[in-house]
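Protein chains in written order, with this note's numbering: chain U, 1 to 211; chain E, 1001 to 1608.
No lab work stands behind these hints, which were simulated from the structure alone. Cβ atoms here follow ideal geometry from the backbone N, Cα and C, with glycine treated the same way. You may find that some hints are simply not true.
[Claimed, not checked] Mimicking DSS-like on lysine-lysine, the simulated pairs with C-alpha atoms at most 25 Å apart in a straight line are:
| id | chain 1 | residue 1 | chain 2 | residue 2 |
| --- | --- | --- | --- | --- |
| 1 | U | LYS15 | E | LYS1588 |
| 2 | U | LYS15 | E | LYS1604 |
| 3 | E | LYS1549 | U | LYS15 |
[Said to hold, decoys possible] Covered stretches of chain U, going by a simulated chain E footprint (3 or more residues, C-beta under 8 Å):
| id | segment |
| --- | --- |
| 4 | 15-23 |
| 5 | 26-39 |
| 6 | 56-63 |
| 7 | 66-78 |
| 8 | 136-149 |
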Amino acid sequence: MSKKELNIFKLLAEKPWEASQAEIDNQHDGRTLDLSKAKLGVRTIMVVSTVIFSLFVVSYSDRMLVHDWRSLSEPWLLWINTAILILTSFVFHKAKIYSEKNEFEKAKNTLLLVGFLSFAFITGQLLVWQYYVNLGQYVSTNPANAFFYLFTALHGLHVLGGLFFWARATMKLFTKNYNIFKTKQAIELCATYWHFLLIVWFILFGLMIAT
Amino acid sequence: MTDEYTDNKLETKAADSSSGSYTPPAEAIPAKENPEQELYHAKSFWTKWVFCQDAKVIGIQYALTATAIGFIGLILSWGMRLQLGFPETFSFLGPATYYQSVTMHGMIMVIYLLTALFLGGFGNYLIPLMVGARDMVFPYVNMVSYWMFLVAVLVLLASFFVPGGPTGAGWTLYPPQAILPGTPGSEMGIVLMLVSLSLFVIGFTMGGLNYVITILQSRTRGMTLMRMPLTIWGIFTATVLALLAFPALFVACIMMTLDNLLGTSFFMPEIFTMGEKLDYAGGSPILFQHLFWFFGHPEVYIVALPAFGIVSDLISVHARKNVFGYRMMVWAIVIIGALSFIVWAHHMYVSGMNPWFGFFFATTTLIIAVPTAIKVYNWVLTLWRGNIHLTIPMLFSLGFIVTFVNGGITGLFLGNVIIDVPLSDTYFVVAHFHMVMGIAPLMVVFGAIYHWYPLITGRHLNQTLGKIHFWVTFVGAYAIYFPMHYLGFIGVPRRYFEMYDSPYMTSGVGLNQFITVAALIVGFTQFIFLYNIFTSWYKGEKSEKNPWKANSLEWHTPDYPPTHGNFGKELPVVYRWPYDFSVPGTDKEYIPQHVAPSEVPTAKAEQT
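One chain only, chain U, in its complex shape:
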């Protein structure tokens, strides 16, 4: 009995005061989208993050046109980190599939692997920072450096924020009594978020390689 308003033009053409429309409206269950609130919450967060990262990309493109821009050379470590992140996303997908099949023991183990890989990624990023610092490439040495440090820091903070929710979902699996529906949803949403972070990383890393 739900009527989902997906077309904003159709929606705004409704005449709520007319009897015929009222009959339709009385059947409305009060939800606009067929999504759980948690899912919608994660999507909203991803939209806001996308705006943030897009604005950085715009600033980056604007700033690199100035003559003092000296691109950084990417160490092989960054490629390894990228591979780790891809692997994390893949393993997370596996965990999601396990939890959908109600194989929570396997899901638990894969989730632990996700955590390990994520921390490995963050450690890898810190090692890249150390590598650049040893080369004398500090944050203020060149605008390209500044953007690199800022991008990786923000992306890393997003990963850490995701790990907070990852920890909550994984800890649930270690308790005896957990809500299966909620746990499944938490794992699914965390997986989505990790895929999102991978795409963000592709765009940021791609931008660095391309320039």
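Given chain U, work out where chain E should sit, using these hints.
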């Protein structure tokens, strides 16, 4: 009408009996698809009033914090006015203090008062009640949102006490001057300001998440989007704008913090001070302006759209008439919201941009006048032949319409590049934006407080003090800002600490003194309002339930004022929009949203 829904009736009974609750003898109630929300029930004083997850309490916390910091903003404006009206009279006002007052006044009023009050205050209090929800969808996140806001306010206040004082860079915080020596507060003040803004954005995003998802997903049965009060439409659209615009401020704040603390050059060009070259090179101050105004212009509508929505409801209720052109009102809100993202560079006409760029932004800016004009016409036509009750909310609403038209028309002038260039650095602009986004939304804030105060406390505000408050504020605001237009025309530049014996000022001296006196009086009146709010809380005249005879759900809760969980055992079911006033064919003067058609069988739909 009832015959067609036998199937649903069965379904409803099945759904209701499973939860073991009472089935109202109703029309067709569709099966309940939204599961009951799990509410957090507070047990101790701390969780009930301090770390509270009830949106109503959070709304009040937001409103009180915003009001408190707003009064500091008011006092800062007195400092500015004293300096401008009576220069070289007050020893405590030097150039640094003046610029710090200007900066903090602007930032506090726009972000920490108006944004927090409309979205955090009214949004939290009204959204669940008006859409028929028990609470926000993520009450815990909502609570964290308030505490982030409080920390942001405290960090902002802390900047008054650090060496060098708060930043004096102007509320736009333009680099490079904002972080260079010579600008007051360039030591610690600017850092605290940027940190505070970043915290505000994070906190707001948490709250905004709640407002949007509650409105979209947590409405009660029968509450379609097009049956929502315009207040909710305004708050909803403004929140969406804020979620998309605040990241720009966040990005700008982070990059400027790095420029300041770590010596990066995101925004800082090559600079020589005292003959020495600084370490900065190649950054673009214009980039900051773009980021800032990409946030800054939607910010104007983040403040204005909730005001538009609320004032529509106030006018409708207090003129006992349905809103003229409800659909057009919604359309206009949505279109204004969308357009607000492509007009930002009209704040930067004098930054040396490509003329075609300015042409584009002038065009989009002027297009916004169309939906805004539609709204003004609709407010006036709602009043037309309405049964206008000159209550205090109505007085403030009328004051809003006049003020908004006034500020809007000067906006038409300033939207044109060729008129803006000579006027942009004068008091004309100050007059314009204070009229349109200072006084006009504040009129709505005041009207809304007088309107909803009985709902929150169960008591009315004192009417005599309210009338004094309205008349002094309304007339006084014009006494302050009308002369400023004239000052702008004769070329008095804004942002100047003192004019000394400049020829521009000879005819402006008396005016400036007049404005200052008016500003002191209007400011003092706000303290009367504050007194009214606090004394009426326990001494005010008791209000009966639904004193304004309004239709929207917040007035029809079983407990009055509404308590935890808002709607008692059963959520209301909505059968109509909230504007059924004086419906033909029935003797009822107004039909609340939850009244079923069978209770008013003779009512006919109004022809619009």
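Hints, verified against the model:
A C-alpha spacing of about 22 Å is found between U/LYS15 and E/LYS1588, which places the hinted pair at or below 25 Å, so the restraint holds. Straight-line distance between C-alpha atoms of U/LYS15 and E/LYS1604 comes to about 14 Å, which keeps the hinted pair within the 25 Å bound. Taken as a hint, the E/LYS1549 and U/LYS15 pair is honoured in the structure, with Cα atoms around 24 Å apart against an allowance of 25 Å. Interface restraint, the segment 15-23 of chain U with chain E: holds (7 residues with C-beta to C-beta distance below 8 Å; minimum three).
Under a criterion of three residues with beta carbons nearer than 8 Å to beta carbons of chain E, the stated coverage of the segment 26-39 of chain U is upheld, 10 such residues being counted. With 4 residues carrying a beta carbon less than 8 Å from a beta carbon of chain E, the segment 56-63 of chain U meets the three-residue requirement, and the given coverage holds. Restraint check on the segment 66-78 of chain U versus chain E: 4 residues with Cβ-Cβ distances below 8 Å, three needed, restraint holds. Counting residues of the segment 136-149 of chain U whose beta carbon lies closer than 8 Å to any beta carbon of chain E gives 4, which reaches the threshold of three, so the coverage claim holds.
Violated hints: none; the structure is consistent with every hint.
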